[in-house]
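J.: Make the full structure from the sequences, and use the hints.
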Amino acid sequence: MEEKLTLFNNRKRFGIEKNIDIIFKNTALVLSSFVAIILLGIILVVFFQSFESFSRYGLKFLVTSEWNPVKDEYGAFTAIYGTLVTSFLSLLITIPLGVGTAIFITEDFVPKVFREIIGSFVELLAAIPSVVLGLWAIFVMEPFFRDFFVFLHNLFGWIPLFSTEPTGRNSFLAILILVVMLLPIVTSIARDTLNQVPKKLRNAAYGIGASRWKTIFSVILPAALSGIMAGVLLALGRAMGETMAVTMIIGNSNAFSWSLLSPGYTISSMLANQFGEADGSQVSSLFYAAFVLMILSLVVNIFAQWLVKKFSLKY
Amino acid sequence: MNSLYYQKRLSRNIGDKFFTSLSVICALIAILPLIFLVTYILIKGGSQITPELFTLEPNPPGDDLDAGGINPALIGTLIITSIASIIAIPVGVGGGIYLAEYSKGGAFSRFIRFGVNVLAGVPSIIAGVFIYALIVSTKILFGSMYSGLAGGMALSILMLPTVIKTTDEGLKLVPNELRYASLGVGASMYTTILKVTLPSAFRSIATGVVLGIARAAGETAPLIFTALFSYYYIVGFEDLFYEMGSLAVLIYNFALEPYDAQNKLAWAASFILVLSILSVNIFSRLLAAFTEKTKRV
Numbered sequence: 000m001e002e003k004l005t006l007f008n009n010r011k012r013f014g015i016e017k018n019i020d021i022i023f024k025n026t027a028l029v030l031s032s033f034v035a036i037i038l039l040g041i042i043l044v045v046f047f048q049s050f051e052s053f054s055r056y057g058l059k060f061l062v063t064s065e066w067n068p069v070k071d072e073y074g075a076f077t078a079i080y081g082t083l084v085t086s087f088l089s090l091l092i093t094i095p096l097g098v099g100t101a102i103f104i105t106e107d108f109v110p111k112v113f114r115e116i117i118g119s120f121v122e123l124l125a126a127i128p129s130v131v132l133g134l135w136a137i138f139v140m141e142p143f144f145r146d147f148f149v150f151l152h153n154l155f156g157w158i159p160l161f162s163t164e165p166t167g168r169n170s171f172l173a174i175l176i177l178v179v180m181l182l183p184i185v186t187s188i189a190r191d192t193l194n195q196v197p198k199k200l201r202n203a204a205y206g207i208g209a210s211r212w213k214t215i216f217s218v219i220l221p222a223a224l225s226g227i228m229a230g231v232l233l234a235l236g237r238a239m240g241e242t243m244a245v246t247m248i249i250g251n252s253n254a255f256s257w258s259l260l261s262p263g264y265t266i267s268s269m270l271a272n273q274f275g276e277a278d279g280s281q282v283s284s285l286f287y288a289a290f291v292l293m294i295l296s297l298v299v300n301i302f303a304q305w306l307v308k309k310f311s312l313k314y
Numbered sequence: 000m001n002s003l004y005y006q007k008r009l010s011r012n013i014g015d016k017f018f019t020s021l022s023v024i025c026a027l028i029a030i031l032p033l034i035f036l037v038t039y040i041l042i043k044g045g046s047q048i049t050p051e052l053f054t055l056e057p058n059p060p061g062d063d064l065d066a067g068g069i070n071p072a073l074i075g076t077l078i079i080t081s082i083a084s085i086i087a088i089p090v091g092v093g094g095g096i097y098l099a100e101y102s103k104g105g106a107f108s109r110f111i112r113f114g115v116n117v118l119a120g121v122p123s124i125i126a127g128v129f130i131y132a133l134i135v136s137t138k139i140l141f142g143s144m145y146s147g148l149a150g151g152m153a154l155s156i157l158m159l160p161t162v163i164k165t166t167d168e169g170l171k172l173v174p175n176e177l178r179y180a181s182l183g184v185g186a187s188m189y190t191t192i193l194k195v196t197l198p199s200a201f202r203s204i205a206t207g208v209v210l211g212i213a214r215a216a217g218e219t220a221p222l223i224f225t226a227l228f229s230y231y232y233i234v235g236f237e238d239l240f241y242e243m244g245s246l247a248v249l250i251y252n253f254a255l256e257p258y259d260a261q262n263k264l265a266w267a268a269s270f271i272l273v274l275s276i277l278s279v280n281i282f283s284r285l286l287a288a289f290t291e292k293t294k295r296v
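So the protein sequences, as listed, match chains A and B.
Using numbering that gives the first Met the number 0, you'd call the opening residue of the first sequence number 0 and step up by one each time.
Using numbering that gives the first Met the number 0, you'd call the opening residue of the second sequence number 0 and step up by one each time.
What the hints contain is simulated information worked out from the structure, not anything from laboratory work.
None of the values given here were measured: they were computed from a predicted structure.
Careful, some of the hints might be misleading.
[Stated by the list, open to error] With the Cβ distance kept under 8 Å, some of the chain A side facing chain B (calculated, not the full set):
#1 Ile19
#2 Ala27
#3 Val121
#4 Thr186
#5 Met247
#6 Leu270
#7 Ala289
#8 Ser296
#9 Asn300
We treat Cβ as the ideally placed atom computed from N, Cα and C, and that holds for glycine.
T.: Written out as structure tokens, the structure is:
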């Protein structure tokens, strides 16, 4: 008995084991701080590379649309306008579609199996690489919508947004392909938030005689609003940074036009097109454009995260 | 007198019918693109699949007769994605372990979790721009500029947030009793993590990581000015330091060629890419559903 106790008392961890434990913890700590290092690295590198262009053109870069490597004149207004207009208009189409789909999936119109199938279909859409969507847009969507654009131009040509003769690739097609890409994001986040709204709220509304859609509009959607808003903002960030599909279908022209039926440009498509063969001060200007894009998407993302934290459902 | 019965003509019932059909239409519009897209790729791309496709080099555009194959791009995608995984998985899993097992919800871990979410939202082309500035233009990798290695690094930046997040969330789901039991019998922290918590969270972490890899395999934007493109076979180790083709960049380059032969090659490459990505997704989804079912019993 005595012997056994001393055996246990003497059982200490070896020094080497302790060291391994400490090394393991510190390795994990270093690895986790990589995220912060990379994030800060991206911001600093892009900022310092754009410094030359920033000091030369200043904020004028944001409002002029001259892009002339021969004369060394750079302004990214066309690309910034294109980025904002394509992302906002595509969101405008996506929000009702995505929320409508999410409501369809969370209500019990059809048996659960079908709803789950539709839900996973929409999520699979998110897995398709954007370059494949671009390929599809070039060869299937563009011919399909050609007549529709002519019709649109003939009917609404007096509105600046439709004022140019449609010729092949244009911003409107970029908006449509963005809708296809954003739909899964908005739908899945809206569905998750709608599912989190407690059953009690719905039953209370039914109990005092509200119809199904009265309940959805006055009780369930308001309760889920913040989550849906966060999803919409995430989608906005995604839309602004989306590169491949947009580059392939937007037509890539730096000539500024208000019209959606003319070829356009976004910051990311400008980067994709010109970065490979740029030199001299053009590189710096492209970094400046990249910096603008990064700030835009950072602001949107951080705001989305803040919204999630601030207004997450408290039931 | 009939007011207790369902009345079709009541405005609230008409309104309900209207909105219900509206949401049905939304759902239909939402799934239409996937159906169109997948059937089109299966038909158009599937008809281009031949054995030579997997063994030949692509011919330079302009040769209208025969576009060749996609062997270098296929191998290139495998190599670049593997490089990205080799970098992102250890860093991501290690970082996730710190967040879930060691951190106590302090300022540092909050900042890192916030950073993970922000990094996940950084546009993919910015990752390419970053690696271009850091590695390609400085020729820091033994004097090589565009290289498969640089491409893999750019992709790893995109994979990292996914891996950290899935590790963090997977480990958080492991019940604390397991940890107490292991620590209680005298195991050290790292033994507990490596022998108890990581294995029990393995399946959920692996699913997330595989989905992250599938996502990275289709990314194009970070590669177009880091790995660039190559028409030639990958023959040896030193090819890592030169331009390397990938399926995604091949689709991008050849879709914009005016020649039919190249366009067909792009469709064939999309077929292979989409088929593999979708099957990975569906498989992991089924696996997740299966584990959930067995857990419930």
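J.: Closer than 8 Å between Cβ atoms is the bar; does Asn300(A) clear it against chain B? Give me holds or violated.
T.: holds, 4 Å
J.: Double-check Leu270(A) for me: the hint is only fine if its C-beta lies closer than 8 Å to a C-beta in chain B.
T.: holds, 5 Å
J.: Tell me if Met247(A) is really an interface residue toward chain B, meaning its C-beta lies closer than 8 Å to one of theirs.
T.: holds, 6 Å
J.: Closer than 8 Å between Cβ atoms is the bar; does Ala27(A) clear it against chain B? Give me holds or violated.
T.: The hint holds - Ala27(A) has a Cβ within 8 Å of chain B, the shortest such distance being about 4 Å.
J.: Would the stated hint for Ser296(A) survive a check requiring a Cβ distance to chain B of less than 8 Å?
T.: holds, 6 Å
J.: Given Ile19(A) as an interface hint, is the shortest Cβ-Cβ distance to chain B below 8 Å?
T.: Since chain B brings a Cβ to about 6 Å from Ile19(A), closer than 8 Å, the hint holds.
J.: Let's test the interface hint: is any C-beta of chain B closer than 8 Å to that of Val121(A)?
T.: holds, 5 Å
J.: Tell me if the interface restraint on Thr186(A) is satisfied: Cβ within less than 8 Å of some Cβ in chain B.
T.: Nearest chain B Cβ about 6 Å off; hint holds.
J.: Is the interface hint for Ala289(A) satisfied, with its Cβ closer than 8 Å to some Cβ of chain B?
T.: At 5 Å from the nearest chain B Cβ, Ala289(A) passes the 8 Å test, so the hint holds.
The structure meets every hint from the earlier list without exception.
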